[in-house]
Amino acid sequence: MAVARTESPGLSRYVLPILGLIALGLCGAGILVLYDPQGGPNLLASLYDALGNTSGATALRNGEGDQVVAKILLAVIALAVGVGGIWLLFIGVGGAVSMLQAKWRDRILPWVFVGPALVLLAVFLVYPAAGTILRSLQDDKGQFTLANFAVMVEPEFTQILRNNVIWLILGTGLSVVLGLIFAGLFDRIRRESLAKTIIFLPLAISLVGASVIWGFVYAWQPAGQPQIGLLNAVLVGLGGQPISWLTTNPINIICEIVILVWLQTGFAMVVFSASIKGVSGEVLEAARLDGANERQLFARVIVPMIRGSIITVSTTIAIVTLKIFDIVYVTTGGRFGDDVVANRMFHEIFQFFEDGRGAALATLLFIAVLPVMYINLRNFKRQQVEG
Amino acid sequence: MAKTLRTTSALAGVVMIVVAACGSSSSSPSAAASVAAPSVAAPSVAASVAPSASAAASAAASAPPAAAVPTVPTGYTELDKALGADKPFSGKKVSIQTQWVGGEGTNFAASVADFAKATGINIQIDSIGSSHETVLKTRIEGGKPPDLAQLAQPTPVLAYAAQGKVIDVATFMDAKKLSAEHPATIGLVTQGSKIWGIPYKADVKSTIWYPIKAFAAKGYTVPTTWDELIKLSDKIVADGSNPWCISAGGPGDATGWQLTDWVEEVVLKTKGPAYYNDWINHKVTFQDPGIKDALDKYVGKIFFTPNYVFGTNTAIVPQDQKTTMDPMFTADLATPKCWMQKIPTWYGPDFFPDQRATGQPSKYVLGTDVGIFPFPTIDPAQKNAEGSADTMMMLADRPEVRAVAEFLATPQGIQKWIEAGSAISTNTSTPAAWYAGAYKLKVAADIANTASAIGFDASDLMPGKVGAGTFWTQMDQWVNSGGTNTDAVLKAIDDSWPAS
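First to last, the sequence lines map onto chains A and B.
Residues 1 to 387, numbered by my numbering, are exactly what the first sequence covers, in order.
Residues 1001 to 1500, numbered by my numbering, are exactly what the second sequence covers, in order.
Since the hints were derived computationally from the structure, they do not count as laboratory data.
Any given hint could be a false lead.
Stated by the list, open to error - Now the stretches of chain A that chain B is said to cover, found in silico as 3 or more residues with beta-carbon under 8 Å:
{"id": "1", "stretch": "234 to 248"}
{"id": "2", "stretch": "317 to 326"}
{"id": "3", "stretch": "332 to 344"}
{"id": "4", "stretch": "351 to 360"}
Note that the Cβ used here is the ideal one computed from N, Cα and C, for glycine as well.
Generate coordinates for the entire structure from the input sequences, incorporating the hints supplied.
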């Protein structure tokens, strides 16, 4: 744009809209390809035809041949249309609005940029959430009922709710405390970044991947068979009996929480570490002059000063533990007294065909997350005021 | 075997399972009230009864590379059209979603390949694997279902039918022919005059796998009665080994289905088909003495007698179904650490340790190294066996979909899979020659032949909340407790039965 302007302002007036129109057309064509279920293979087949590879094209049209290439092509188009489309939308509408009178422009412009996000939020978050709450209050025939919530006091559901509370307390607590300890200790060692990297690395692993990895740690074989699980191998090596970690309640809940802590400690540590670095050296020096030892310094000065970060990290991890699904689903399916709300919700809907109960569980989860969200938002606000 | 979905008990009530082989003696009149009767693995039954048919078939089969396509006229309208010289449906697409992956997926694809070639219909198979039912539900409710879908249990088929999502195949297929050819299984998906699916593949569950040569070396004989089974087990214990390898089916989501199979087996063999049906419909509760006996007197006897189970009863639940039988293969099956496993006919060499480790075909041969014997009779008057069947459900009504559905209803629809040695057709007109040489299928056919009634997997017919929920989890708890909490466990299952 800048280049065009220096060369010839007259030309750019036409070039930009034309380029825009071409891009718009490409976007439209891309959407058409994406909409057609056979779009990827067909497009690639046309390309092959143009390149003279007729046999390849026929194979593609018959659902054989380079299907993977077709899928990659489709992914590239999706990415281009998605990112480019949004970019075009903002540029285009922004440009159109800026042609208006200043008075109107200032009023409309913010909505142009917030609008798409609001629409997406309404369609993909508010609408389904409202639908879920409504469904939780209906029976299978659409009549109003509270039965879906009434069953939540039965032992099998109170056990699930209890498990979620255990997750919330232990999962969040351990991650935050360990993260804080590591951040505090690593602040004073020589190879700080190396140590932090080691703790931080697991965060790059997905919950499912981590569950599979830990599945091998907890693996069990009958006594007398070679133990392939790390924990049991150590246990048997020391002369003990193998323990079936994942099927023995309540040990299995702790074992699953350990997986989450392994992942989340790194996140907590990195945030805390950054905050600790932000604590001014003068304050620390003043405290030391006042006679505080290092432990007091950490507990009475540093921790209160990074309170904001602690709240943010705690609430973030708390929400993760409330919504926890992957770990339970992969390790045991929640079959051994270790079920949690999100996993049960999935089972109610997809295995028991109890959509109402599933919706009720989702609603419960939503309500449980609300206070955590509130704390988090209030914390943000206060930080803004302080800042 | 995967999870079941839920339906109301009213629906389950409509489903009557029990079947009498060979349409013979003990047919179960009241039980079969709603629909037709005989035999799950009847294909081979019928064939063995009618030698002329099998002779003709073997003659046909001896011209090897013949395409697995039925000859016109097939008795089905769209199928005849599709196979016509003008290939009217050529280029049309039909999608089938299944849970079959790996070997099963390959075999199913091979079964429809010749037909696709002959008709020009582009058959797209979506092999989903373990999340099949989840994906299917999403696709159906999203309004873009596959044209056809396989389901291992009749319960969800009827549940989708109740929602109006399933095409009644009786509207375009010859219902009489369909019912006559699938006498054992069509009743599972029939409601009145409506037929909600096509029975496709059958499995026999009353099978126990054992090491043949080691049995011979020790002088053990295959038990045919419960007493002999217990005597043999005691003898193995006396010889310093553990007779049983048992897994609950896990680890993970489906843990428990093998335990429910044990209970079902014993109920069928002690109480018979009518009682079994009432149990499925909850007319007989879990707290009924018959069910309690099945647990305490029979299943518990195997599970909890000291030294019977390799690793003791506490090993059953955490044991992985994939590796359960590994101890049997100690020293190339010469000195098994456990001797018997009850597992259905779909089990096979792909679970043996050498094939699992290398991916190469197992060196252990079925019928020479590893054998299968029928689960022994308990009450001599109850010669019943347990089975299960896969159903093809039609979700879109177009001529080419009809043609594919009709093709799947013919024996040729599963011919390649049968010839690969790992499927049993639900269709009684299947030529016996196709099963030739397949040890596993021969055993299954023998079981079906000698059984007076075959009960469909009960937990698969109960509401999902019970059949894939509490029945599994409570059995896990029962096994872990060493059988001390039978009453509490059975009450918990009864309490979880949906009210509606």
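Results for each hint:
Coverage of the stretch 234 to 248 of chain A by chain B holds in this model, with 3 residues showing a Cβ closer than 8 Å to a Cβ of that chain against a need of three. For the stretch 317 to 326 of chain A, the proposed coverage by chain B is not satisfied: 0 residues have a C-beta within less than 8 Å of a C-beta in that chain, short of the threshold of three. With 4 residues having a Cβ less than 8 Å from any Cβ of chain B, the stretch 332 to 344 of chain A passes the three-residue criterion, so the hint holds. Counting residues of the stretch 351 to 360 of chain A whose CB falls under 8 Å from any CB of chain B gives 4; the rule of at least 3 is met.
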